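Asker: Whenever a hint applies, use it, and build me the whole structure from the sequences.
Oh and the sequence shown: position 6 is 73 in my numbering, straight run, nothing missing.
Some hints here could point you the wrong way.
To be verified - Quick list of simulated restraints, FRET-style, between CB atoms:
# : residue 1 : residue 2 : range
1 : Thr90     : Arg143    : 16 to 22 Å
2 : Phe125    : Gly100    : 24 to 30 Å
3 : Ser124    : Gly97     : 17 to 23 Å
4 : Pro87     : Phe125    : 14 to 20 Å
5 : Glu98     : Phe126    : 16 to 22 Å
6 : Pro123    : His86     : 25 to 31 Å
7 : Pro87     : Gln147    : 19 to 25 Å
Rather than coming from a laboratory, the hints here were simulated on the basis of the structure. Keep in mind that this is a model prediction, so the values were computed, not measured. Even for Gly, the Cβ is constructed at its ideal location relative to N, Cα and C.
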Amino acid sequence: MHVATELETRSSLALLTVHPLATEAEKILGESGYGDLRRLRCECHDGVISIRGRLPSFFLKQMAQTLVARLTGVRRVNNQIKVT
Numbered sequence: 068m069h070v071a072t073e074l075e076t077r078s079s080l081a082l083l084t085v086h087p088l089a090t091e092a093e094k095i096l097g098e099s100g101y102g103d104l105r106r107l108r109c110e111c112h113d114g115v116i117s118i119r120g121r122l123p124s125f126f127l128k129q130m131a132q133t134l135v136a137r138l139t140g141v142r143r144v145n146n147q148i149k150v151t
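Answerer: Below, the structure is given as structure tokens:
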């Protein structure tokens, strides 16, 4: 039987915590007027926003990146969106 150490427990909880910037990014995507952008998910670590999901066009992929990059506090956008 494995008993989690305090460090393991804190690390796991940190992974579950949603960064406010990621929440703001998802909000801006959802309010963009492009319905497909609502399905994207964002994560943030040290000012780097990662965007994940699938979109039907490269235009929408670029639009998502542009919208998120404008947010205050975003240092870089890691665009992992797949175009299908």
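Asker: So, for every hint listed, does it hold in this structure?
Answerer: Hint-by-hint comparison with the structure:
1. Thr90 to Arg143: 16 to 22 Å: Cβ of Thr90 to Cβ of Arg143: about 18 Å, so the range 16 to 22 Å holds.
2. Phe125 to Gly100: 24 to 30 Å: The hinted range 24 to 30 Å is violated for Phe125 and Gly100, with Cβ atoms some 18 Å apart.
3. Ser124 to Gly97: 17 to 23 Å: At roughly 18 Å between Cβ atoms, Gly97 and Ser124 fall inside 17 to 23 Å, so the hint holds.
4. Pro87 to Phe125: 14 to 20 Å: For Pro87 and Phe125 the Cβ distance comes to about 29 Å; the hint is violated.
5. Glu98 to Phe126: 16 to 22 Å: holds (18 Å)
6. Pro123 to His86: 25 to 31 Å: holds (28 Å)
7. Pro87 to Gln147: 19 to 25 Å: holds (21 Å)
Consistency with the previously given hints fails for numbers 2 and 4, ordered from lowest to highest.
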